[in-house]
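Here's the letter readout for the chains.
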Amino acid sequence: MFKKNNTSGTASLSVRTKKYWTRNWQLWIMLLPAMLYIFIFCYVPMYGIQLAFKDYSYATGITGGPFVGFKYFKQYFDSPMFFTTLRNTFILSFFSIIVGFPAPIILAMLINQIRNTKWKRVVQTTVYIPYFVSVVVLVSMINIMFRNDSGVIGNLLKSIGLVARDTNILGKESAFAPLYVLTGVWQSMGWNSIIYIAALSSVDTQLYDSCKIDGANRWQTMINIDLPAILPTVMILLIMNMGNVLNVGFDKVFLMQNSMNMGASQVISTYVYTVGIKSGQFSFGSAVGLFNTVVNFVFLIVTNYISKRSTGTGLM
Amino acid sequence: MAGKNQKNVSDEIVKTINWPDKIFGAAVIILSILVFIIIAYPLWFVVIASISNSNLVNLGKVTIWPKDISFYGFQQVFQDARILTGYVNTLIYVVGGTILNMAVTMPAAYALSRRDFSTRNKIMFYFVFTMFFSGGLVPLYMTVSKLGLISTKTILIVYMAVNTYNLIIARTFIQNSIPDDLYEAAILDGCSHFTYFTKGVIPLSKAVISVLILYYAVYHWNDYFNALIFNSNSAHAPLQTVLREILLLNQAFASGNGGVQGGYAQSAADQVKYAIIIVSTLPILCVYPFIQKYFEKGVMIGAVKG
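So the protein lines, in turn, are chains A and B. Sequential numbering of the first sequence, starting at 1, is according to the numbering used here. Sequential numbering of the second sequence, starting at 1, is according to the numbering used here.
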């Protein structure tokens with residue numbers, strides 16, 4: 001066996017392959033279901049992207065039809081819905097990130113500063129609860145609580161002067177984005193703070209002691225010790241968020257849509273659903289979807305690059 | 001002399017620290033109370049509105065405590081056949097889906113956690129790439145339809161069989177918190193990967209398993225998107241689809257009060273809605289305390305590390 005190894009390169013290669021497989025075949029079997037699933041439900045649809053460049057016909061299915069190039073992209077870019085959906089998507093995701101991204105960080109630092117452990121537990125458990133509320137339930141709560149005339153929270157906001165008396169919050173286009181973003185913060189702030197709380201709890205306590213000796217107050221300690229401690233986590237999550245800039249959650253927008261707010265609530269993903277699935281324009285729907293994916297991907301790459309240059313933390 | 005000096009210095013520290021810290025402490029308490037109210041009040045309101053007279057609720061008279069208590073809403077909910085079907089279907093999807101999720105995710109996570117597995121980085125990329133690039137909704141729909149899975153119960157169980165983010169959490173956990181010595185000892189004893197995984201890794205991964213069960217179960221419980229896209233058969237409708245019909249599309253409630261016959265219809269409809277919200281959210285909320293014990297530990301260790 002030794003001899004064989006030394007004399008022929010191909011033999012040693014096959015021996016190495018053999019060794020690899022005797023060592024790892026079990027691992028491959030354990031990976032197989034997951035890889036198969038990802039292949040069927042992620043990579044096969046990626047192959048189906050070519051639909052965006054072809055004229056779909058029922059007879060030929062996902063791969064067939066004559067090649068038409070960028071026809072459907074042009075159709076989308078030229079349609080009035082292009083600007084509307086792009087603008088709405090950007091507005092919703094931009095404000096979701098601006099407001100929604102720092103909120104859990106601030107909340108985590110706040111919870112971390114609560115000294116009374118019982119109260120801390122109560123706050124922590126309470127802020128997690130909205131995560132368990134489904135989107136359907138959340139949107140119906142919004143509908144009931146902001147309903148014109150009888151909505152509790154709508155009336156509260158009107159009585160303290162945050163919203164003009166005669167506005168119909170649910171039907172007003174300009175109210176859609178704030179409503180979407182703020183209810184999103186309400187739901188996910190607590191849950192998203194878990195990861196930062198975990199990061200904060202692993203800060204070396206010696207650092208706090210030395211801060212005390214240096215005469216820093218609690219605010220200064222928080223800014224100089226806590227914040228840098230969670231910065232790597234913050235950067236990774238920020239990059240991942242930026243990669244989803246145009247993936248405004250279909251679910252919630254779709255459910256919040258009504259005939260009055262459509263001008264502000266039709267986003268790319270809901271548009272893909274409407275034209276692609278509901279009215280069966282498969283090629284057009286694929287083209288719009290692909291445009292969405294590509295923009296996301298560019299955002300991800302750019303943020304990752306900037307983050308790597310400036311803080312040294314990056315995904316890839 | 002030296003002692004006196006030191007005392008002065010410490011006095012000075014106390015003086016300079018005290019005030020800012022007191023203000024800071026007060027601000028923390030006030031802010032945390034504010035956050036607590038903002039998060040808790042809407043939830044509390046649903047609870048009190050579900051057992052109060054809907055007319056009083058609509059007039060804005062029910063704000064902190066329930067008024068004119070009745071359980072009419074809950075009675076109606078439990079009489080509705082659609083909700084019952086939805087419940088049963090959702091239970092099937094949650095239990096079946098979560099079991100499948102764990103059966104697929106955990107072995108894969110173990111394989112990817114083995115440092116001596118030379119192909120693992122390439123396979124990792126194979127998974128991670130799908131987090132950021134996808135074929136989009138329409139090609140996905142066409143694929144599922146090609147597989148003949150449209151309007152079957154199977155698709156609602158199988159879809160999202162493995163979530164890459166959860167896979168990473170599990171992999172990171174196994175890699176960082178199960179000592180390598182254990183693996184080496186097991187190999188010396190002649191353990192295969194299979195036996196080491198089932199006898200060694202699984203019992204030591206309770207924390208991350210409970211986290212993943214929670215993530216997956218909540219996902220299945222709250223999912224309405226997949227039913228909307230892939231399944232239009234109302235006999236397969238999960239709870240969330242039924243909820244959407246009743247809560248958002250305002251479909252008449254089955255058991256007779258949807259029409260105009262009773263003067264109570266409209267006001268009672270609201271009470272029924274609040275009751276439905278509670279009945280549909282409470283079960284999944286009850287899962288959390290059971291695994292809370294493992295939860296924070298699991299999240300902490302599995303936290304984002306690409």
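Heads up, a few of these hints could be off.
As the list claims (entries may be wrong) - Every beta carbon over 12 Å from chain B, so not counted as near; a handful from chain A, in silico:
| # | residue |
| --- | --- |
| 1 | 82 |
| 2 | 94 |
| 3 | 103 |
| 4 | 151 |
| 5 | 166 |
| 6 | 173 |
| 7 | 174 |
| 8 | 178 |
| 9 | 255 |
| 10 | 287 |
Claimed, not checked - Now the in silico label distances, taken between C-beta atoms and shown as ranges:
| # | chain 1 | residue 1 | chain 2 | residue 2 | range |
| --- | --- | --- | --- | --- | --- |
| 11 | A | 101 | B | 31 | 14 to 20 Å |
| 12 | A | 106 | B | 154 | 42 to 48 Å |
| 13 | A | 224 | B | 147 | 52 to 58 Å |
| 14 | A | 23 | B | 78 | 34 to 40 Å |
| 15 | B | 154 | A | 20 | 32 to 38 Å |
| 16 | B | 124 | A | 207 | 21 to 27 Å |
| 17 | A | 172 | B | 103 | 45 to 51 Å |
| 18 | B | 66 | A | 224 | 32 to 38 Å |
| 19 | B | 282 | A | 162 | 46 to 52 Å |
Claimed, not checked - Some but not every residue of chain A turned toward chain B, in silico, with C-beta under 10 Å:
| # | residue |
| --- | --- |
| 20 | 24 |
| 21 | 45 |
| 22 | 48 |
| 23 | 49 |
| 24 | 51 |
| 25 | 53 |
| 26 | 56 |
| 27 | 57 |
| 28 | 126 |
| 29 | 134 |
| 30 | 161 |
| 31 | 300 |
| 32 | 302 |
| 33 | 305 |
| 34 | 306 |
Don't read these hints as lab results, they were simulated from the structure. The beta-carbon is built from N, C-alpha and C at its ideal position, and this holds for glycine as well.
Going down the list of hints, with the structure as the test:
no.: 1; hint: 82; in the structure: holds (16 Å)
no.: 2; hint: 94; in the structure: holds (19 Å)
no.: 3; hint: 103; in the structure: violated (10 Å)
no.: 4; hint: 151; in the structure: violated (9 Å)
no.: 5; hint: 166; in the structure: holds (17 Å)
no.: 6; hint: 173; in the structure: holds (19 Å)
no.: 7; hint: 174; in the structure: holds (22 Å)
no.: 8; hint: 178; in the structure: holds (15 Å)
no.: 9; hint: 255; in the structure: violated (6 Å)
no.: 10; hint: 287; in the structure: violated (9 Å)
no.: 11; hint: A:101 - B:31: 14 to 20 Å; in the structure: holds (19 Å)
no.: 12; hint: A:106 - B:154: 42 to 48 Å; in the structure: holds (44 Å)
no.: 13; hint: A:224 - B:147: 52 to 58 Å; in the structure: holds (56 Å)
no.: 14; hint: A:23 - B:78: 34 to 40 Å; in the structure: violated (57 Å)
no.: 15; hint: B:154 - A:20: 32 to 38 Å; in the structure: holds (35 Å)
no.: 16; hint: B:124 - A:207: 21 to 27 Å; in the structure: violated (33 Å)
no.: 17; hint: A:172 - B:103: 45 to 51 Å; in the structure: holds (48 Å)
no.: 18; hint: B:66 - A:224: 32 to 38 Å; in the structure: violated (48 Å)
no.: 19; hint: B:282 - A:162: 46 to 52 Å; in the structure: violated (32 Å)
no.: 20; hint: 24; in the structure: holds (6 Å)
no.: 21; hint: 45; in the structure: holds (3 Å)
no.: 22; hint: 48; in the structure: holds (3 Å)
no.: 23; hint: 49; in the structure: holds (5 Å)
no.: 24; hint: 51; in the structure: holds (6 Å)
no.: 25; hint: 53; in the structure: violated (12 Å)
no.: 26; hint: 56; in the structure: holds (9 Å)
no.: 27; hint: 57; in the structure: violated (12 Å)
no.: 28; hint: 126; in the structure: holds (5 Å)
no.: 29; hint: 134; in the structure: holds (4 Å)
no.: 30; hint: 161; in the structure: violated (17 Å)
no.: 31; hint: 300; in the structure: holds (5 Å)
no.: 32; hint: 302; in the structure: violated (13 Å)
no.: 33; hint: 305; in the structure: violated (14 Å)
no.: 34; hint: 306; in the structure: violated (16 Å)
The structure shown violates the earlier hints numbered 3, 4, 9, 10, 14, 16, 18, 19, 25, 27, 30, 32, 33, 34.
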